[in-house]
Structures are given as C-alpha cells and as structure tokens.
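Engineer: The task is simple: from the sequences and hints, build the whole structure.
Take a look at the letters that make up each chain.
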Amino acid sequence: MPADVILRVRGLTKHFGVARDGEAASADILRAVDDVSFSVRRAKTLALVGESGCGKTTAVRCIVRAMPPTSGNVWFRTTAGGVVDLAALNEAGLRPLRAEIQMVFQDPYSSLNPRLSVLDIIAEPLVVSGVRNRTVIRDRVANLLELVGLRPDHMARYPNAFSGGERQRIGIARALALHPRLVIADEAVSALDVSVRAQILNLLLELQDRYHISYLLVSHDLGIVKHISDQVGVMYVGQMVESADCQAIYRRPLHPYTAALLAAVPIPDPRRRRAAYAAPGEAASPRNPPPGCTFHPRCQHAIPRCKLERPQWAELEPGRFVRCHRAHELQLRGIEA
Amino acid sequence: MRRRFVKHRLAVCGGLVVVAFYLAAAFADFLAYSDPGKLDAQRILVPPQRVSLWSAGRFSPHVYRLVRTRNPETLVLDYSADRSVEIPVVLFAHGYPYRLFGLFPTDIHWIGTRGEPTESSLFLLGSDALGRDLFSRLVVGTRTSLTIGLVGVCISLVLGVILGAVSGFYGGIVDLVIQRVIEMLRAIPTLPLWLGLAAAIPPTWSVTSVYFTITLIVSFVGWTELARELRGRIMSLRHEDFVLAAELCGARPRRIMFVHMIPACTSHIIATATLALPTMISSETALSFLGLGLRSPAISLGVLLNGAQNIQAVALYPWLISPALPTAVIVLAFNLMGDGLRDAADPYA
Ligand SMILES: Nc1ncnc2c1ncn2[C@@H]1O[C@H](COP(=O)(O)OP(=O)(O)OP(=O)(O)O)[C@@H](O)[C@H]1O
Ligand SMILES: [Mg+2]
Numbered sequence: 000m001p002a003d004v005i006l007r008v009r010g011l012t013k014h015f016g017v018a019r020d021g022e023a024a025s026a027d028i029l030r031a032v033d034d035v036s037f038s039v040r041r042a043k044t045l046a047l048v049g050e051s052g053c054g055k056t057t058a059v060r061c062i063v064r065a066m067p068p069t070s071g072n073v074w075f076r077t078t079a080g081g082v083v084d085l086a087a088l089n090e091a092g093l094r095p096l097r098a099e100i101q102m103v104f105q106d107p108y109s110s111l112n113p114r115l116s117v118l119d120i121i122a123e124p125l126v127v128s129g130v131r132n133r134t135v136i137r138d139r140v141a142n143l144l145e146l147v148g149l150r151p152d153h154m155a156r157y158p159n160a161f162s163g164g165e166r167q168r169i170g171i172a173r174a175l176a177l178h179p180r181l182v183i184a185d186e187a188v189s190a191l192d193v194s195v196r197a198q199i200l201n202l203l204l205e206l207q208d209r210y211h212i213s214y215l216l217v218s219h220d221l222g223i224v225k226h227i228s229d230q231v232g233v234m235y236v237g238q239m240v241e242s243a244d245c246q247a248i249y250r251r252p253l254h255p256y257t258a259a260l261l262a263a264v265p266i267p268d269p270r271r272r273r274a275a276y277a278a279p280g281e282a283a284s285p286r287n288p289p290p291g292c293t294f295h296p297r298c299q300h301a302i303p304r305c306k307l308e309r310p311q312w313a314e315l316e317p318g319r320f321v322r323c324h325r326a327h328e329l330q331l332r333g334i335e336a
Numbered sequence: 000m001r002r003r004f005v006k007h008r009l010a011v012c013g014g015l016v017v018v019a020f021y022l023a024a025a026f027a028d029f030l031a032y033s034d035p036g037k038l039d040a041q042r043i044l045v046p047p048q049r050v051s052l053w054s055a056g057r058f059s060p061h062v063y064r065l066v067r068t069r070n071p072e073t074l075v076l077d078y079s080a081d082r083s084v085e086i087p088v089v090l091f092a093h094g095y096p097y098r099l100f101g102l103f104p105t106d107i108h109w110i111g112t113r114g115e116p117t118e119s120s121l122f123l124l125g126s127d128a129l130g131r132d133l134f135s136r137l138v139v140g141t142r143t144s145l146t147i148g149l150v151g152v153c154i155s156l157v158l159g160v161i162l163g164a165v166s167g168f169y170g171g172i173v174d175l176v177i178q179r180v181i182e183m184l185r186a187i188p189t190l191p192l193w194l195g196l197a198a199a200i201p202p203t204w205s206v207t208s209v210y211f212t213i214t215l216i217v218s219f220v221g222w223t224e225l226a227r228e229l230r231g232r233i234m235s236l237r238h239e240d241f242v243l244a245a246e247l248c249g250a251r252p253r254r255i256m257f258v259h260m261i262p263a264c265t266s267h268i269i270a271t272a273t274l275a276l277p278t279m280i281s282s283e284t285a286l287s288f289l290g291l292g293l294r295s296p297a298i299s300l301g302v303l304l305n306g307a308q309n310i311q312a313v314a315l316y317p318w319l320i321s322p323a324l325p326t327a328v329i330v331l332a333f334n335l336m337g338d339g340l341r342d343a344a345d346p347y348a
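First to last, the protein sequences are chains A and B.
Going by numbering that gives the first Met the number 0, the residue at position 329 of the first sequence is 328; the numbering climbs one at a time, nothing skipped.
Going by numbering that gives the first Met the number 0, the residue at position 117 of the second sequence is 116; the numbering climbs one at a time, nothing skipped.
I should point out that these hints are in silico values taken from the structure, not numbers from a laboratory.
Using N, Cα and C, we set each Cβ at its ideal position, and we do this for glycine too.
Be a bit skeptical, because a hint or two may be false.
To be verified - The following label-pair restraints were derived from C-beta to C-beta distances: (1) A:P1 to B:G171: 37 to 47 Å; (2) A:G163 to B:G231: 23 to 33 Å; (3) B:S235 to A:V126: 23 to 33 Å.
Said to hold, decoys possible - Not close to chain B: a few residues of chain A, all C-beta gaps over 12 Å, as computed: (4) N72; (5) T77; (6) T78; (7) V82; (8) H226; (9) A262; (10) P279; (11) G280; (12) E281; (13) H300; (14) P303; (15) H327.
Structural biologist: Here you go:
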C-alpha cells in the first residue's frame, strides 16, 4: 500500500440474501456491492458517485463495519502507521480504531438523537472514549461548535431547535470530536438547500485544509462533487465502472455511464449547449443483473460482445481505471472541453 | 404526548382516580380509624352505621351506642342503637398507634370517637365475622393490593425492558430463544399456573415472604407483553442513524440501549406498565379470593373478599361484599388511564 494511501478497498463485495416472492424457501442473492476497489489518499477526497440504489451506502457501511462485508479487504493505515484489514477484525478489534474513521450522515434529522442536547450529542464520542471531566468536555464541545460555525452557547439546546444545515454542522462536529483521519460523508448535503449545500461543502474543505482529514464522499450527483474531490469513482449496480482523477473524468470520461451522468449535470450557461445524451431506461436491478456488462441495455455504444462478456476492471491509463470493453476506442464528451 | 393525553377526558378521570387511590394507600393508617386487626367478639357482623350530624339543633356529629340482642326466633345477632347515649365523632382523634409512611410514629386518625374506644363504637361500613371494622380493613387492604400491583409492575418492567431490549438489539439466536420462552409462558393458561405456583408456597411462611412470593408470581407472566412491545421498537430504532453514529464512536451495546434506545420508548413503557397494573391487582385479588394468595392476618382486597365467599353470608350481611367496589373502580380507572396513555404515546397504532 503506497505511503500516501490511508484507505485501500479491494474487491469489496456485499451480498444480501433475499427471499423470492412466493417461494420463501429458496433464497435469492442481491449483489448490492460487487467487487469494488478504490483507494483514498491522505488529506485528499474521493467521491463515490452513482444512481440511487447502486450500492454506495452499502459500500461505506461495509467499510465502517456497520455490517460485515461478504468478501474483500478494507486496509486502513492507523495513526500508529500500521495497516489493518478492517474487514477481518471483530467488534473488539475495531473499537480502538473507531475514533479514526467517522461518518457524517445523509439525514440531518435521524442522525441526531432528538432526546439529547447538542452538548450530549457532541460529547458522546468523548465520553465513550473515557473523558469524564465535565469542564473538559464542555470546552471541547464549545471549540467544536465554533469550528463548524455554530454558537457555543447553543449547546444546551435540543436538535429540534436547529435547521437542517445547522444539524448537519452538529453532525460534523460530532464526527470531528475524536480527531478522525478519515471522514465518510454519505450524501451529507443532498437533503439540504442548494445555498446551504455550498456552505457545508466549503466547511468540509476548510476542515480538510486545517486538519488534513481524508474524505470519502458519497453522492448521486457528479455536479456536487466536482469542485471538492480529488478523485472520483463511479458506481453502477454494485460495481465500480470508472475511477480517475477528478479533472480527467470531467474532461474526458472513459465509460459511457460516466458520460451519461455528466450529461445530466445542468450547465448554468444557456449559450453552451450539449448534445443531450443521457442513458435511457432505468438502472438494472442488483438482484438480477443483465449478463455481460451490466450497463449494456442502456448503452449507446454497446456491441454484441458487451452482452456476453463481463468487462474487467482495468487500468487503461496511469491512474485511470475503467470497466468497459470499448473504453480504448470511444471518444466520449465531458463537460469541460 | 402530554397534550394528547389531556385531550382524552376519560383517561384523565381515570388518572385522577388512580392518584386518589394511591394517596389513600399512602395515608391508609391515617384513614383507617380502627385497628384493622383488632378482634372483638362483642362486635361481630355489625351492619354499617349512620353518623348523625346534628344533635339538638347544634352541629355535633355522633353515633349511638350499639346494643347487641339475639333474635329469639332466628338466633341471629341484632344490633340496635341506644338513642340515649350519643358518642361524639371528632376529627383528628387519637387511635391505635402506627408509623406514618413507616417513619413517623403517631396515633392521629382522620376521625374517631370521644369517650368510648373507637374500635367498639364506630363502624362506617360495618364489621366482619371477627368483629373487625370493615372500612379500616378496606383502606389497609387497598394499600396492600396496590403495592403488590406496583411492585409486580416494577419487577416485570425490569425483566421486560432488559429482555425485550436485548432481544431486539442482538436479534439472531438470542432473540429466537427469548421469543420462544415468551411464547411458552404465554401459552400456559395463567390461572392454573398461578394456582400451581401459589399452592407451592409453604403455609408456614411468614406474611412478608408470602407477600413477596405472590408479587413474584403475579409479575412472572406480566413482563412478556412489555418485552414483546419493546423488542419491536428497539428493532426499528436499530436502523436509526444516530444509533449507528453511537456505534461508530465505539459505544458499547449497553450504552446504546440505555442512552439511545430505551429512552425513546419511555412513553410505550409507561403505557404498557399502566395497562399491566390492573391485571396484577386483579390477579392478586383472584388468588387471595381463592384462598391461595395472601392469607389472614395479611389484609388485601382479595383476602377481604375471601370473607364474602359464602352466598349465605352475602345474603345476610351484604356489606361484606363492599371490597369488590374499590377493586372494580381501581381496575377500571387504571385501564382507562392506560388506554389514554397508549393512544397518546402512539396515535397511529
Ligand atoms: N439490509 C438490506 N437487505 C437487503 N437489501 C438491501 C439492504 N440494504 C440495501 N439493500 C439493497 O442494496 C442495494 C443498494 O442499496 P444502497 O442503499 O447501498 O444504495 P445507494 O447507492 O446508497 O442508494 P441511495 O442513493 O438511494 O442511497 C439496493 O438495491 C437495496 O435495495
Ligand atoms: Mg444511500
């Protein structure tokens, strides 16, 4: 694992057993995450992008071990410098590492316990890690609130007294309480107003500059992550279809699905038109994915081979991975010519 | 939740009655004017007495001295009032000594008679077959029955909350075992189960140990309902993000359950407990009525009703059945209050 990589995921797979309608006895397999690999570099941001239901949440929940992955490795570089495989640890082994990986949640309402004051919410990680002194805790919580742009004297209030954006800041403060080195934000801004969205994203960037935190951001909108990520991974029906540096992917996507997602990003300038190209139809079901390339039923560039043979995850150019038979020959359009 | 409960008229009435009953239970010895255990062969089966409020145009509550005669034909004891002797009834009189709340020794009772001992002169609800004042026994018996209910609910609360939470939190094999145990307990018909357990209590045990055993028996089945209810709630809370957040910062299951999950179910717990109380009270009453629960000299509503088992006794001395009234009222009041609480806790259920 290269020295600047803090998290390396290889072949992450999560299958859910689903009882088929009507025949409860024979369990069906739902491949929510299927052979996903990527790396997050220190103090950098990787964005995981894909349509709803493609397995982003499942992937990050396997990484933070909210659920055990079916297979794969999740290597994490600890503060001490060692590398551990989170996927192989048990609950007790994970506990000392919990502080280093924290999460910011999508829903600013269900992510804060409505019965606890903001002080108690943000203090929880501190209390759990053994801080008992009330004044120490209060000072730290006041600091954290200031850090995320909230007034420390509001710490006695309850979450219902705050707006969605403010709640998200509280969630960020809680995530930062233990000085994590990796923060995973699962659609942290998609529930917010457009104006508040930018504020929260800027806050995340600011915190990254200050504390050298690495981010794994999850989003279904390529437009949102454009300005804040260093790398982008695109997922489709449980699989990673393309990953590359942010610049590269926006300038010249290699996978037709990425191109379709980019075409869906609205452009603020009405004079600049694009050939309207979005993938027709709906995303395939992870329960019953099509044979060959899972994207072929919606792909404009599909050839007979795509229907039969599953493309491999391959490094087409240095640092650019793609899962497409025709990646080397297609000339796809990005949004920055 | 409070607002929704207050809208529920009947439930509020039920709640007030419940509060009144528990106040009465707290001050039972103050309200009982005669020693509930004092036997008096001269005052057997006295019918309820009237207190006359006026004497010669002046306000002066009094009762008349009782004269006992035996009906020469039926040989039944008759009591008549000797109108020539007025025994004044006064407020805050001195009577038998007791400890208020078990702490402060005193002998003040809300009423009593002056001149003659209260025990042999005042019988608001009549006396029983051993000459003990029924009103005083009723008050003290209500206290026993209510505390059995309360202690029983506390025990089943602890059992139900812990087992329900564990079952819902861990799921899997733990859940399976707990749920099967609950099903088994619920499948056994309660009355024979209680009878069997109660019959196993050695008759030589002291009143206190019988009391606690009965409480345990009554709560033995009571916890299953709560455990079921809580399990479902905990299972749905398991998917809340704030629970995951707590897990991710390394909180242990115990902390997650007690800080994040159980407090979110408080209203359900309260509602279920309130609905379980009347069941406990009536179970105790039923057991004691059948002579398998508490036994004399313990006093509870069931023990009192046990004295009214004989149809002949009820026909001749109808006041003996009076303990049935508070039993019915308290059970009804608890049910009304519990229903209101449950509706307020979960308006969509
Ligand atoms: N616990 C579960 N049991 C069975 N299937 C599940 C479970 N969790 C998720 N899935 C399925 O896995 C697939 C991926 O779900 P996931 O929530 O990871 O998608 P997502 O990319 O996060 O979507 P969204 O953008 O809507 O959040 C979906 O088809 C979903 O139905
Ligand atoms: Mg999701």
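Engineer: For which of the previously enumerated hints does the structure constitute a violation, in increasing order of number?
Structural biologist: Structure breaks no hint.
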